[in-house]
Each structure stands twice: as C-alpha cells, then as structure tokens.
Amino acid sequence: MFLLIILHLFYGVSYSSIKRGVKILSANIVEIRGLSFSRGSKVIFDNASLDIPRGKVTAIMGPSGCGKTTLLRLIGAQISPDTGSISVQGKDITKLSNKELFRMRRDMGMLFQSGALFTDLSVYENVAFPLREHTDLPESMIRDLVLMKLQAVGLRGAHTLMPSQLSGGMSRRVALARAIALDPAFIMYDEPFTGQDPISMGVIVQLVRLLNDALKISSILVSHDIHETISIADNVFLIANGKVVGAGSPEELMDSADPWVRQFMQGLPDGPVPFHYPSQSYSDDLWGNVEC
Amino acid sequence: MRTRLIELWVGIFVVLAIAAFLMLALQVSGLSDFSLHRKGYMVKAEFTNIGGLKPRSKVVISGVTIGRVTEISLEKNNYDEFVALVNMMIFDEFDKIPKDSSAKILTSGLLGDNYISIDPGFEEEFLHNDSYIELTSQAVILEDLISKFLTGNN
Amino acid sequence: MLIASLQNIGGGTLSSLASIGRASLVLFRAIFARPDIISGFRRLVAQIYSVGVLSIVIIAISGFFIGMVLGLQGYTILSRFGADQALGQLIALSMVRELGPVVGALLFAGRAGSALTAEIGLMKTTEQLSSMEMMGVDPVHRVIAPRFWAGQISLPLLTLIFNAVAIVGGYLVGVDWLGVDSGAFWSNMQSAVNFKEDILNGVIKSVVFGTVVTWIAVYQGLNSVPTSEGIGRATTKTVVYSSLCVLGLDFFLTAVMFREL
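Chains as they are written, first to last, in our numbering: chain A, 214 to 505; chain B, 111 to 264; chain C, 57 to 317.
Chain A on its own, in the form it takes in the complex:
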C-alpha cells in the first residue's frame, strides 16, 4: 500500500491504474448476469447470463436478429440494459460515470461490421487516430507503432491509401489494426466474415486466431457463419429468443442432443425452427375463402 502511494507521488502513476494492475485478474473478462433488454415492445434479452473467459476466442452465435450485435453494444456500454449487470474486467459498466466509461473503452477494441474507417483520413491516419487521441507519443514512435500494427494485418504497404480505395476485406483488416492500436484487453468482432470472398475470409479467420494468441488478448466473435466460427472458437454461446440456449466447445455443440442446437449448428432447413412462416393450412389458403 505504502509502495503504491510512493509510486503515485513520484511517478504520477494514477492510483486506480495501479490498483487495476495489481488486482488479481478474474478468470472471466466479461460477466453478464440477469441481462434484460428490450427495444420498444420487442424483447431482445430476457434474463440472460453468460461469462466470457479470458484469453480465449469466444463465439456468440444465433439466428439473424437475435441480438448478437446488441450484445456487443451492451458490453461496450453504448446502450444500457433495462435490468441486470454487465461487468468488464471486474467493473460493472452500468454504474460507471461517463469519464470512467471512456477510460474503460480504451481496453476494448471493436471491429464493426462495415469496418467503420474514418472516410476523411488515410489508412495511416486511421490507425494512428487512437494513438494520437490517447497518448502523447512523439510522431516517430506513432509511425513505428502504426506500421507495426499494419504489418500484423499484412497491409503495411497500403498505409498511404484512402479508405475508399480499399476492398471490403482490406478495410476490415485496417479496422482491425486500428482496434489493436492501443493494445486492448479484448476485441469484439461484429460479423467479421459476412460478405467476404473466400480468400479474404480465410485471412480474417486466421487473423482473429493469430491476434488472440500472439497478443494474449481475449476475443468475442459474433457471427452466424458456422464453419469459419467453429474452426477458431474455443467456446461457443448460442443465443435465441433472448436466452442462452447452448454453451460449450464447438464439438460439444455439434453433437448436442438439443434439437434446436442441432438444427442451427448443422444448418438443417427444417426442425424446431420451421421452414414455413406460421400460417393457416395450405389447402385452406388456396381453395378457401380469400380474406384479403
């Protein structure tokens, strides 16, 4: 304790950051308890709980519109839940002040579906953006860092281009370089594989795994591309109708006895989720009285 105060006085290291560093890191980087969230009258999460382990690639899967992206926004505290708690690194983010929240977000990287590069800045400036905002590093060091991050995603040669000159896969990789610029504790990927050609999809699949292991970070992957996801995920959560319906390693889920999980994981066209939208009987519709 005394040592901490001395550190604080002499080196200007903020007390809370020391405390954060000293604190024994919990096994879970994100813990969600009793989360409920609804948008208008539509219930998106209904008393859902899940833990995201540290140092692993965790996939969150589910049918379209089940609230996977919403979950990432909740973890990033861009929206707040109706009830329940979300703790990131042991802190309940629903109770943080705005200032603490912006601090906390430096520990999170997020890769948006569209990449979300700033269109008026070059690739180099995009990756440099978080560094310039949050550090006082000299320009030469920023340059080294930016080139290192770009090297990690294989786009060091493209640092002079503008975002409009990049292909979809490339802009996602640049966004990834930007997300890891501040060396976050974990990265959230929002549908990173959607709309990619097989080659760039392969590149991103490999990058997610590689970055997770090389940088010793944790990854949260939201996707509904089963094959790519299970090839790199350590853990999978299946979400449907606002609840966690399945959890475990990819293999466990593949062999699950639950018919819904089986249908989703194996991509069967019919099962608990029917092929047909609920309707009156087919023959009634064709031969019966028309009501419209």
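Take these hints with a grain of salt, some might be off.
As the list claims (entries may be wrong) - Only pairs whose alpha carbons sit at most 30 angstroms apart, straight line, appear in this in silico DSSO-like list of lysine-lysine:
(1) A:Lys308 with A:Lys429
(2) B:Lys154 with C:Lys252
(3) A:Lys429 with A:Lys304
(4) C:Lys252 with B:Lys168
(5) A:Lys269 with A:Lys308
(6) B:Lys209 with B:Lys149
(7) A:Lys255 with C:Lys293
(8) B:Lys149 with B:Lys168
(9) B:Lys206 with B:Lys168
(10) B:Lys154 with B:Lys186
(11) B:Lys186 with B:Lys209
(12) A:Lys269 with A:Lys429
(13) C:Lys252 with B:Lys164
(14) C:Lys252 with B:Lys149
(15) B:Lys168 with B:Lys258
What the hints assert, rightly or not - Now the stretches of chain B that chain C is said to cover, found in silico as 3 or more residues with beta-carbon under 8 angstroms:
(16) 116–124
(17) 128–135
(18) 165–174
What the hints assert, rightly or not - Derived DEER-like restraints, expressed as beta-carbon distance ranges:
(19) B:Thr158 with C:Ile117: 51 to 61 angstroms
(20) A:Pro266 with C:Arg289: 41 to 51 angstroms
(21) C:Ile117 with B:Asp205: 46 to 56 angstroms
(22) A:Asp498 with C:Leu303: 51 to 61 angstroms
(23) A:Lys304 with C:Ala311: 47 to 57 angstroms
(24) C:Leu110 with B:Glu203: 40 to 50 angstroms
(25) C:Ser284 with A:Tyr490: 26 to 36 angstroms
(26) C:Leu110 with B:Glu181: 42 to 52 angstroms
(27) C:Ile260 with B:Lys149: 28 to 38 angstroms
Hints listed in this document are in silico derivations from the structure and should not be mistaken for laboratory results. Cβ atoms here follow ideal geometry from the backbone N, Cα and C, with glycine treated the same way.
Let chain A serve as the given structure and place chains B and C on it in line with the hints.
Just chains B and C, lined up with the frame of chain A:
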C-alpha cells in the same frame, strides 16, 4: 499541402467578410463618414422650425455639398422664444462664404429629406468658426401650406 | 376512439419534448466541449472551409441577383413618386435589416445545413461515430463541436458578404443602368442607415440564425435513422425545420429590435 490550401481559403473567406463589413460600415451606413472626418469650421444658425432636418443632413450652396449638420438643439433666443439652434460644419475648402449669407431649409423632391441651402451674400467678410448666420428662413411645412391655402388668409 | 387520439396527442407531445431535450443536451455539450487548442483550431478551420467557404459562391451569386432585382423593382415604384434617389436607402435597409440575414440563413440551411446533416448521418450509418465512441473519443467533442462552431461563425460572415454584394448589385442596376444619381444613391443610403440600429442588429440576427440552423442540422444528423432513406429524411427535415425557425424567429427579433424605429 491540402490543409495549407484549406487554411488559405478560410483566410480569404475571413478577409472577404471583413471587407464586406467595412463596406457596410463605411459606405452604407456612413459610420465614419469621410465628410465628418474632413476638417471644417463650425457655423451656427437659428431657425423657428427645422421640419425634418437631422444631424448629418447636408449643407449646400447651389446644390453643391459644402458641409453637414452636426448638432441640433432647442434654445431660447433674445426675445425669449423657442428656436432650433443648428450647428453645422462647413468644410475648410469653402472658406469664402460671405457673412451676410442666408440659410433656408429645403426639401429634396416632394417627400425627400430636408437639407440646408445657403444663399451667398455680397459682403467682403467671410464666415469663420463660431460665426452666426443671421438670415434664416424656416422649413416649409406642407400642412401649414395647405391650411393657409384652405383658409385663404394669405 | 377519443381516448386513443388523446393518447396520440400525449405521446406526440412527450416524444417531441424528449427530442427537444436531447437536442438541447447535444447543443450544451457541443458549446461547452473543452477544446484542444491546437488540433481543435485546425479542425475548426477545416470545417469553416466546408461549411463557409464552399457556400460563398451560392451566397454571392444570390446576393448579386437579389440586389439587382431590388434595384429594378424599387426604381420602377420609386420613380413613380419622383423619389428615385431613395433607391439606395430602400436597397440598403431592406437588405441589411431583413433580406440579408433571412435569405442568407435560408440559403445556408439549403447548402451547408443539409450537407452537415447528410455528413453526420452518413458517419452514423457507417458506424464511424460508434467506433469513435468505442475508441474512447466522444464524438460530440470531436465531430459535432467543430461543425457547430463552424456554422455559427460562417453564417454571419456569409451574411456580410451577401449584403455587400447585393448592395453592389443594386448600385449597378440603379446607377449604371437606370441612371439614378450616384451621389444621391450613396448619400441617401448613408443618411438612412444607422450603423448600430441596422447593421449591428442585422449581424445579431444572423448570429442567432447561425446557431439555430447549425443546431438543427447537427441534431438531425445525429438523430437520423441509420439507413439511406433515413438520411434523406433527416436532410429534408433540416431544411424544413431551419427555414421555419428562421422565419419565425425573424419576426420576434424584428419585433424586439425595431419596435422603436
């Protein structure tokens, strides 16, 4: 390079706006009217009625502007009657205005502004700072004219 | 039936109050954003370029034509009463007091306001604002505040240019073409226009309009539905709301400023 160009344009923009402001201030509202900054000497005149004469109305001889009204105040004259005391500044280059000149208040056009017109006299002595123009005739008030015409007591 | 419509009225009132509240919050945070002196200034300059400099051309051309039309119309009417010397004062007073600030603000809403809304809406749609937030940078400080101040600064400057160009246009038509005496044109104008009452009040008007138009533009952009259709609707809303606000506010400002004149 691009930022340089942008900064240059913004600079031009600001300069243009300042120029426009100066034009509005000087040329349009006549804020620091050059004629007020021109040097001149002050001359006074008393009128029984000045009509719509205002400070900064012009003073002319044969239609040429030779000065401006600077100040108007209500005073009592020697006979204890209320009169309007008009201070006007005559520009220095018009320094040969005879002392016995007369001043009258005229209207430009039927509905226009009032101004002071000076009819030069013949004396050898000239108006100088703080001198009085003794001979004045008041503004012609349209309503007075009409009522005189109607009642016919001319 | 009655209850349902009452409910609609209540709901509408609540939601519009809520959106006014949110908009005020944005305005408040943008105004009191603690700027980073050097880079903040550079961002401001860049925004003044895209908001102000790029509007100069439309403002100058419209001003020129409005001045010429005023000159033409004013001359035909005034010359009927033999008062064509009063042309200068007619043009200057109507420009400086009313037309300059109001028409300038309307043009500004159409040119710069809609562009601001579309730009911010697009940044929202492409998740640039969200990603900024996730990087721990407050978009209100970073994106909204410089745009707000740029609009706030640009409109009064543009209005000054607009007025000056219009008066020159009126001069060209009245004096060079229709033959009003040049000296009478300027001197009547100068004796009629008062610097404090007319010119400064006109500038105050345009400052108020600048605040309102940029505020609406920025808020509509932030509040737009993140689809291409939503951006289109937000842009339309910006132009409609700011035009209405400018015209309405102009009445009140005129009533307060020129009551005694």
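Hints versus structure:
1. Taken as a hint, the Lys308 (chain A) and Lys429 (chain A) pair is honoured in the structure, with Cα atoms around 28 angstroms apart against an allowance of 30 angstroms.
2. At most 30 angstroms may separate the alpha-carbon atoms for a hinted pair to count; Lys154 (chain B) and Lys252 (chain C) meet this at roughly 28 angstroms.
3. For a cut-off of 30 angstroms, the pair hint linking Lys429 (chain A) to Lys304 (chain A) stands: about 20 angstroms separates their Cα positions.
4. The straight-line distance between the Cα atoms of Lys252 (chain C) and Lys168 (chain B) is roughly 21 angstroms, inside the 30 angstroms bound, and the hint therefore holds.
5. Simply put, Lys269 (chain A) and Lys308 (chain A) have alpha-carbon atoms about 26 angstroms apart, close enough for the 30 angstroms limit, and the pair holds.
6. With a C-alpha separation of about 20 angstroms, the suggested pair Lys209 (chain B) and Lys149 (chain B) falls inside the 30 angstroms cut-off, and the hint holds.
7. For a cut-off of 30 angstroms, the pair hint linking Lys255 (chain A) to Lys293 (chain C) stands: about 28 angstroms separates their Cα positions.
8. For the proposed pair Lys149 (chain B) and Lys168 (chain B), the alpha carbon gap of about 15 angstroms is at most 30 angstroms, so the pair holds.
9. In summary, the hint linking Lys206 (chain B) to Lys168 (chain B) is supported, as the alpha carbons are separated by about 18 angstroms, within the 30 angstroms threshold.
10. Between Lys154 (chain B) and Lys186 (chain B) the alpha-carbon distance is near 14 angstroms, which keeps this suggested pair within the 30 angstroms criterion.
11. For the hint pairing Lys186 (chain B) with Lys209 (chain B), the CA-to-CA distance comes to about 23 angstroms; that is within 30 angstroms, so the pair holds.
12. With a C-alpha separation of about 9 angstroms, the suggested pairing of Lys269 (chain A) with Lys429 (chain A) holds against the 30 angstroms cut-off.
13. This hinted pair checks out: Lys252 (chain C) and Lys164 (chain B) have alpha carbons roughly 17 angstroms apart, not beyond 30 angstroms.
14. With a CA separation close to 24 angstroms, the supplied pair Lys252 (chain C) and Lys149 (chain B) stays within the 30 angstroms bound.
15. Of the pairs offered as hints, the one joining Lys168 (chain B) and Lys258 (chain B) holds, with about 29 angstroms between alpha carbons and a cut-off of 30 angstroms not exceeded.
16. Counting residues of the segment 116–124 of chain B whose C-beta lies closer than 8 angstroms to any C-beta of chain C gives 7; at least three are required, and the coverage claim holds.
17. Against chain C, the segment 128–135 of chain B contributes 6 residues with a C-beta closer than 8 angstroms to a partner C-beta. That satisfies the three-residue criterion, and the hint holds.
18. Remark: the segment 165–174 of chain B is confirmed as covered by chain C, as 3 of its residues place a Cβ nearer than 8 angstroms to a Cβ of that chain, reaching the required three.
19. Restraint check, Thr158 (chain B) to Ile117 (chain C): a C-beta distance of roughly 53 angstroms satisfies the suggested window 51 to 61 angstroms.
20. Taking 41 to 51 angstroms as the suggested C-beta distance range, the pair Pro266 (chain A) and Arg289 (chain C) conforms, at roughly 44 angstroms.
21. Against the hinted window of 46 to 56 angstroms, the Cβ-Cβ separation of Ile117 (chain C) and Asp205 (chain B) comes to about 49 angstroms, which satisfies the hint.
22. Taken as a hint, the range 51 to 61 angstroms holds for the pair Asp498 (chain A) and Leu303 (chain C), whose Cβ atoms sit roughly 55 angstroms apart.
23. For Lys304 (chain A) and Ala311 (chain C), the Cβ-Cβ distance of about 55 angstroms falls inside the hinted range of 47 to 57 angstroms, so the restraint holds.
24. Range check, Leu110 (chain C) to Glu203 (chain B): Cβ separation about 49 angstroms, and the 40 to 50 angstroms hint holds.
25. The hint said 26 to 36 angstroms for the Cβ distance between Ser284 (chain C) and Tyr490 (chain A), and at roughly 27 angstroms that hint holds.
26. Between Leu110 (chain C) and Glu181 (chain B), the C-beta spacing of about 48 angstroms keeps the proposed range 42 to 52 angstroms intact.
27. A C-beta distance of roughly 35 angstroms is found between Ile260 (chain C) and Lys149 (chain B), which places it inside the suggested range of 28 to 38 angstroms.
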